[in-house]
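Work out the full structure: start from the sequences and follow the hints.
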Amino acid sequence: ESAIKRLGTKIEQLFCEKQIFLNPQLKVSDVARAAGTNRTYVSNYFNQTLGVSFYEYVNALRIDFACRLLRTTTDSVKAIAEKSGFNSQQTFIRTFLRLKGVNPTKYRNML
88 ESAIKRLGTK IEQLFCEKQI FLNPQLKVSD VARAAGTNRT YVSNYFNQTL GVSFYEYVNA
148 LRIDFACRLL RTTTDSVKAI AEKSGFNSQQ TFIRTFLRLK GVNPTKYRNM L
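When the letters of the sequence shown are read in order and numbered with my numbering, they come out as residues 88 to 198.
Calculated from the structure, these hints are not laboratory results. Certain hints may be false.
[Stated by the list, open to error] Pairs of lysine to any residue, SDA-like flavour, derived with a Cα cap of 25 Å:
id, residue 1, residue 2
1, K170, M197
2, K165, Y142
3, K165, T136
[Unchecked claim] What follows is a list of derived Cβ distance ranges for each label pair:
id, residue 1, residue 2, range
4, Y128, K105, 14 to 22 Å
5, I91, V189, 34 to 42 Å
6, Q100, S130, 17 to 25 Å
In this text, all values refer to a predicted model and were calculated from it rather than measured experimentally. Every residue gets a Cβ at the ideal spot worked out from N, C-alpha and C, and that includes glycine.
The structure is reproduced here in structure tokens:
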């Protein structure tokens with residue numbers, strides 16, 4: 088198994104099983120430390136192997152998580168933004184709109 092594949096497996100575990108993307112302070116260096124490598128390798132993995140930046144990847148997972156909460160809870164948009172790992176409601180709404188084409192409230196009302 089190649090080093091890049093091993094790194095991918097570790098990163099996947101961190102994000103899918105441990106849900107580290109919910110940490111609003113998450114940085115590339117945190118992922119690198121947890122995966123036992125350096126931030127350059129981690130950054131290259133996202134950019135070259137996955138074709139997205141670290142933050143694009145993290146925000147996509149956060150928005151997917153938020154969509155689950157919008158479907159399954161009556162939590163406020165502000166609470167969902169916080170639970171999904173966003174530092175501010177504004178950033179959450181802007182990111183949600185960019186990725187889903189509607190704001191969180193409209194998304195919930197469409198369900």
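Checked hints:
1. With a CA separation close to 21 Å, the supplied pair K170 and M197 stays within the 25 Å bound.
2. Only pairs whose Cα atoms come within 25 Å are accepted, and K165 paired with Y142 is accepted, the gap being roughly 20 Å.
3. The suggested pairing of K165 with T136 is violated, with an alpha-carbon distance near 33 Å, which exceeds 25 Å.
4. The given range of 14 to 22 Å is respected by Y128 and K105, whose C-beta atoms sit roughly 19 Å from each other.
5. For I91 and V189, the Cβ-Cβ distance of about 36 Å falls inside the hinted range of 34 to 42 Å, so the restraint holds.
6. Range check, Q100 to S130: Cβ separation about 18 Å, and the 17 to 25 Å hint holds.
Against the hints set out earlier in the document, a violation occurs for number 3 only.
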